[in-house]
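Protein sequences appear in the order of chains A and B.
Just so you know, we're using numbering that gives the first Met the number 0 here: the first sequence kicks off at 0 and counts up by one.
Just so you know, we're using numbering that gives the first Met the number 0 here: the second sequence kicks off at 0 and counts up by one.
Bear in mind the hints are in silico, worked out from the structure with no lab data behind them.
There could be a bad hint or two in this list.
With a straight-line cut-off of 25 Å between C-alpha atoms, the simulated SDA-like cross-links for lysine to any residue are [as the list claims (entries may be wrong)]: (1) B:K314 <-> B:A238; (2) A:K183 <-> A:G275; (3) A:K258 <-> B:S170; (4) A:K173 <-> B:L366; (5) A:K299 <-> B:E83; (6) A:K289 <-> A:K258; (7) B:K249 <-> B:P317; (8) A:K66 <-> B:Q281; (9) A:K256 <-> B:L56; (10) A:K66 <-> B:V140; (11) A:K141 <-> A:V222; (12) A:K289 <-> A:N75.
Covered by chain A, per the in silico footprint, the following chain B stretches (three or more residues, Cβ under 8 Å) [said to hold, decoys possible]: (13) 77-88; (14) 164-174; (15) 244-253; (16) 285-293; (17) 361-371; (18) 374-381.
Note that CB positions come from ideal geometry on N, CA and C, so glycine has one too.
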Amino acid sequence: MLLMKTTVSTLAIAALSATAAAARDNVQVAGSSTVLPYASIVAELFGENTDYPTPVIESGGSSAGLKRFCEGVGENTIDVANASRAIREKEIKACAENGVTDIIEVRIGYDGIVFASQQSGPAFTAFEPADIFNAIGATVLKNGELVENPHNTWDEFNSDLPSAEIAMFIPGTKHGTREVFEEKVLLEGCEATGAMKAMMDSGMDEDAAEDACLDVRQDGRSVDIDGDYTETLARIDANPDGIGVFGLAFYENNTDKLKVATMGGIAPSTDTIASGEYPVSRPLFFYVKKAHIGVIPGLKEYAQFFTADEIAGPGGPLSNYGLVPDPELAKTQAMIADETTMGEGS
Amino acid sequence: MTETALNPRPMPVKKDLMVEDANTRRRNAAEKRFRAYGLAAILIGLFFLIVLAVSILRNGLPAFTQTVVSVEFTLKAADRDAAESQLFKTKAYQDLFIAELAGKLDERGVEVVFDAATIERLLGKIGGDLRAFYQANPDRVGEPVSFELPASSRVDGYFNGRVTRETLQDSRFLMAADLDLVDAMQEAGIVQSSLNWTFLTGADSGVDNPGGAGIGASVIGSFFMMLVVLVLSLPIGVAASIYLEEFAPKNRFTDLIEVNISNLAAVPSIVFGILGLAVFIQFMHLPQSAPLVGGLVLTLMTLPTIIISTRASLKSVPPSIRDAALGVGASKMQSVFHHVLPLAMPGILTGTIIGLAQALGETAPLLLIGMVGFVARGYPDGFVAGFTEANSAMPAQIYTWAARADASFYDKAWGGIIVLLVFLLSMNILAILLRRKFERRW
Numbered sequence: 000m001l002l003m004k005t006t007v008s009t010l011a012i013a014a015l016s017a018t019a020a021a022a023r024d025n026v027q028v029a030g031s032s033t034v035l036p037y038a039s040i041v042a043e044l045f046g047e048n049t050d051y052p053t054p055v056i057e058s059g060g061s062s063a064g065l066k067r068f069c070e071g072v073g074e075n076t077i078d079v080a081n082a083s084r085a086i087r088e089k090e091i092k093a094c095a096e097n098g099v100t101d102i103i104e105v106r107i108g109y110d111g112i113v114f115a116s117q118q119s120g121p122a123f124t125a126f127e128p129a130d131i132f133n134a135i136g137a138t139v140l141k142n143g144e145l146v147e148n149p150h151n152t153w154d155e156f157n158s159d160l161p162s163a164e165i166a167m168f169i170p171g172t173k174h175g176t177r178e179v180f181e182e183k184v185l186l187e188g189c190e191a192t193g194a195m196k197a198m199m200d201s202g203m204d205e206d207a208a209e210d211a212c213l214d215v216r217q218d219g220r221s222v223d224i225d226g227d228y229t230e231t232l233a234r235i236d237a238n239p240d241g242i243g244v245f246g247l248a249f250y251e252n253n254t255d256k257l258k259v260a261t262m263g264g265i266a267p268s269t270d271t272i273a274s275g276e277y278p279v280s281r282p283l284f285f286y287v288k289k290a291h292i293g294v295i296p297g298l299k300e301y302a303q304f305f306t307a308d309e310i311a312g313p314g315g316p317l318s319n320y321g322l323v324p325d326p327e328l329a330k331t332q333a334m335i336a337d338e339t340t341m342g343e344g345s
Numbered sequence: 000m001t002e003t004a005l006n007p008r009p010m011p012v013k014k015d016l017m018v019e020d021a022n023t024r025r026r027n028a029a030e031k032r033f034r035a036y037g038l039a040a041i042l043i044g045l046f047f048l049i050v051l052a053v054s055i056l057r058n059g060l061p062a063f064t065q066t067v068v069s070v071e072f073t074l075k076a077a078d079r080d081a082a083e084s085q086l087f088k089t090k091a092y093q094d095l096f097i098a099e100l101a102g103k104l105d106e107r108g109v110e111v112v113f114d115a116a117t118i119e120r121l122l123g124k125i126g127g128d129l130r131a132f133y134q135a136n137p138d139r140v141g142e143p144v145s146f147e148l149p150a151s152s153r154v155d156g157y158f159n160g161r162v163t164r165e166t167l168q169d170s171r172f173l174m175a176a177d178l179d180l181v182d183a184m185q186e187a188g189i190v191q192s193s194l195n196w197t198f199l200t201g202a203d204s205g206v207d208n209p210g211g212a213g214i215g216a217s218v219i220g221s222f223f224m225m226l227v228v229l230v231l232s233l234p235i236g237v238a239a240s241i242y243l244e245e246f247a248p249k250n251r252f253t254d255l256i257e258v259n260i261s262n263l264a265a266v267p268s269i270v271f272g273i274l275g276l277a278v279f280i281q282f283m284h285l286p287q288s289a290p291l292v293g294g295l296v297l298t299l300m301t302l303p304t305i306i307i308s309t310r311a312s313l314k315s316v317p318p319s320i321r322d323a324a325l326g327v328g329a330s331k332m333q334s335v336f337h338h339v340l341p342l343a344m345p346g347i348l349t350g351t352i353i354g355l356a357q358a359l360g361e362t363a364p365l366l367l368i369g370m371v372g373f374v375a376r377g378y379p380d381g382f383v384a385g386f387t388e389a390n391s392a393m394p395a396q397i398y399t400w401a402a403r404a405d406a407s408f409y410d411k412a413w414g415g416i417i418v419l420l421v422f423l424l425s426m427n428i429l430a431i432l433l434r435r436k437f438e439r440r441w
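Throw the hints in and build the complete structure from the sequences for me.
So this is what it looks like as structure tokens:
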């Protein structure tokens, strides 16, 4: 009983001291699961190479991270939001309403999005955006007419492709990757096949036609994956005909199980993505709350460490893991040093 | 029964008891069938248990060994100062080690052609370990120190069969030709497999460094959470159930409380996570990612389970015990605390352990209070800090590893499951021992 009493009182003291001695000593980060691997590499190195404690990085998706970021200023809110897309006007407004006005936008590099299938599966080696759109678009152009997607196998619309059942595993709508996939693949494919023009000819305005282009067929041939790439990999493992959408880094870590297809004739690699030849890539960001700099120890140092040439530059641990280095890194470094917020400067 | 009711038949002629008639045969057959079904059900359960155990062990055991490079390394003071002056210090340490190792390999006459990049591909991320060692032991600079440092995840996979020469695709992580050097180094005794202490004692590591990942820190996190859950939910739960069971008047109000407790036990755990985020972090300003908050949230989740099981075990104490105590002049409270509660203790303990075990395996509420993700803070400084410093929990750590690209993290996730099961088993054994101690028969 005495032991229990002591424990209870210790616990009470712990709770009280936690409330009173507020100062959080670690950087708190949340957001995109695409940025998470890079952030975790940097966080570990930051803890090893500096006297600051290792930052805590949570995932949960770009939108969820930015939402928490915009909850307000103070130690019980996060300091940094990771995002695999740029912050939206709507989110900046929501931030401002809660008092988060000064935001520093940091672009850390680019991520390639690749299409990969089982190593020993059918020969999916080359795709065009039009192929992907024909495979999974809700409404496609067939014999000059707009019809509900009738395709069951890949060779029905492109004789160069294998005669395998269509089964695509694409990122779910909560992922930042989905947006890039829609914009750089589905929309491109929609325009290339002429479906977009046909839709506009049938009386839709441009916005409605674009929305219709992004509709994905709902008959089970295209599956939204809301989890991580490991889930997509497990689906591909179970389905020899399956084609999954992955990040370049994830694919490069699993080359023994996956083979990648070219897009528009270009094979994905850090080089082709950096030069812009490979069409499906997107910038990765993190956002820093300026009001927390100087309050949370190590916050500015974390941002500087993240974007240092040794870390995010070519040959650094991030590019080694699959991040495509940003050619304009020096500009980002200067921006962090001057604490330039969005809307200031450029 | 219904058959006879529908077609009334004359009573069958009484025959020899030793001879089975059709009816007896039918009934016996029905019983045999039922026994077979029961046995089949148990066998199916057993089969899945064995499949589970075998797959967990097969997938998880590689996590407990680690391929290491053991070599003597001398750090010169000048090199240390040069490394410390850089931003990326651990990389400088790693490069020094690679240079030294290359020299050692030449000395030993390893005949395979290699360069620094080859060695870099074979080694894990070792700069952090090296720097941590020399920060802690500055007096060892300048003298030879023998190190055992983790090899890269693919070399590790080559040793435990995950990577073979046939399936290996050349990449910047490992070339098929590099395996020749690995074989040569193994012959020279530089590379070998050894028990992975880092996995048992360490904290999480970056996604490019599976060799440095450990579950130890999150075991501590889970331990502190369980401590909070136990210390809060046991007294509160038992007090609530004793009052409800022994003292409270039976009326609409207590009925309402009872119904609500039963409903709370069925609430999905993620709901408690949202509650915890809103109340403990946003309103009470408790620290994020802290085992204290995790424990508080899990306490909310565990309380209904404990209350329900405690009330059931209080109810199962025979009323004659209460009556006897009251009869010899004990007060109501004395009868409860001297007689009823000790007799109900085994049941209460069982309920508590079940509640704790449930809480131990819970990930969903931890998602919302920041304990899932990359939390690699190592060991807390002191007892109080254990509650308030950011830490992960075992199931959260396993979940995080399972989602990583490098396949050796997948092994680690399975290994983590083994550790979690061992933790659970030891909790259950404790419960059984306590129950034995308190058990009384009447």
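Results for each hint:
1. A C-alpha spacing of about 15 Å is found between B:K314 and B:A238, which places the hinted pair at or below 25 Å, so the restraint holds.
2. For the proposed pair A:K183 and A:G275, the alpha carbon gap of about 13 Å is at most 25 Å, so the pair holds.
3. Our distance criterion of 25 Å between C-alpha atoms is met by A:K258 and B:S170, whose separation comes to about 13 Å.
4. The straight-line distance between the Cα atoms of A:K173 and B:L366 is roughly 16 Å, inside the 25 Å bound, and the hint therefore holds.
5. Proximity of A:K299 to B:E83 is assessed by CA-CA distance (about 20 Å); at most 25 Å being required, the pair is judged to hold.
6. Annotation: proposed proximity of A:K289 to A:K258 is violated, straight-line Cα distance about 43 Å (limit 25 Å).
7. Proposed proximity of B:K249 and B:P317 is supported: the alpha carbons are some 20 Å apart, at most 25 Å.
8. A hinted pair counts as satisfied when its Cα atoms are at most 25 Å apart, and A:K66 with B:Q281 qualifies at roughly 14 Å.
9. Between A:K256 and B:L56 the alpha-carbon distance is near 23 Å, which keeps this suggested pair within the 25 Å criterion.
10. A distance of roughly 49 Å separates the Cα atoms of A:K66 and B:V140; the hinted pair therefore is violated under the 25 Å criterion.
11. As the CA atoms of A:K141 and A:V222 are separated by approximately 23 Å, the hinted pair is consistent with the 25 Å bound.
12. Restraint check: the Cα-Cα separation between A:K289 and A:N75 comes to about 15 Å, which is no more than 25 Å; the hinted pair holds.
13. Check result for the stretch 77-88 of chain B against chain A: holds, 4 residues qualifying (beta carbon to beta carbon below 8 Å, three or more required).
14. Here the stretch 164-174 of chain B counts 6 residues with a CB under 8 Å from a CB of chain A, which clears the bar of 3, and the coverage holds.
15. For the stretch 244-253 of chain B, the stated coverage by chain A is violated: 0 residues have a C-beta nearer than 8 Å to a C-beta of that chain, whereas at least 3 were required.
16. Counting residues of the stretch 285-293 of chain B whose C-beta sits closer than 8 Å to any C-beta of chain A gives 6, which meets the bar of three, so the coverage hint holds.
17. Here the stretch 361-371 of chain B counts 3 residues with a CB under 8 Å from a CB of chain A, which clears the bar of 3, and the coverage holds.
18. Chain A is given as covering the stretch 374-381 of chain B, and this holds because 4 residues of the stretch bring a CB closer than 8 Å to a CB of that chain, at least three being needed.
Checked against the numbered hints above, the structure breaks hints 6, 10 and 15 and satisfies the rest.
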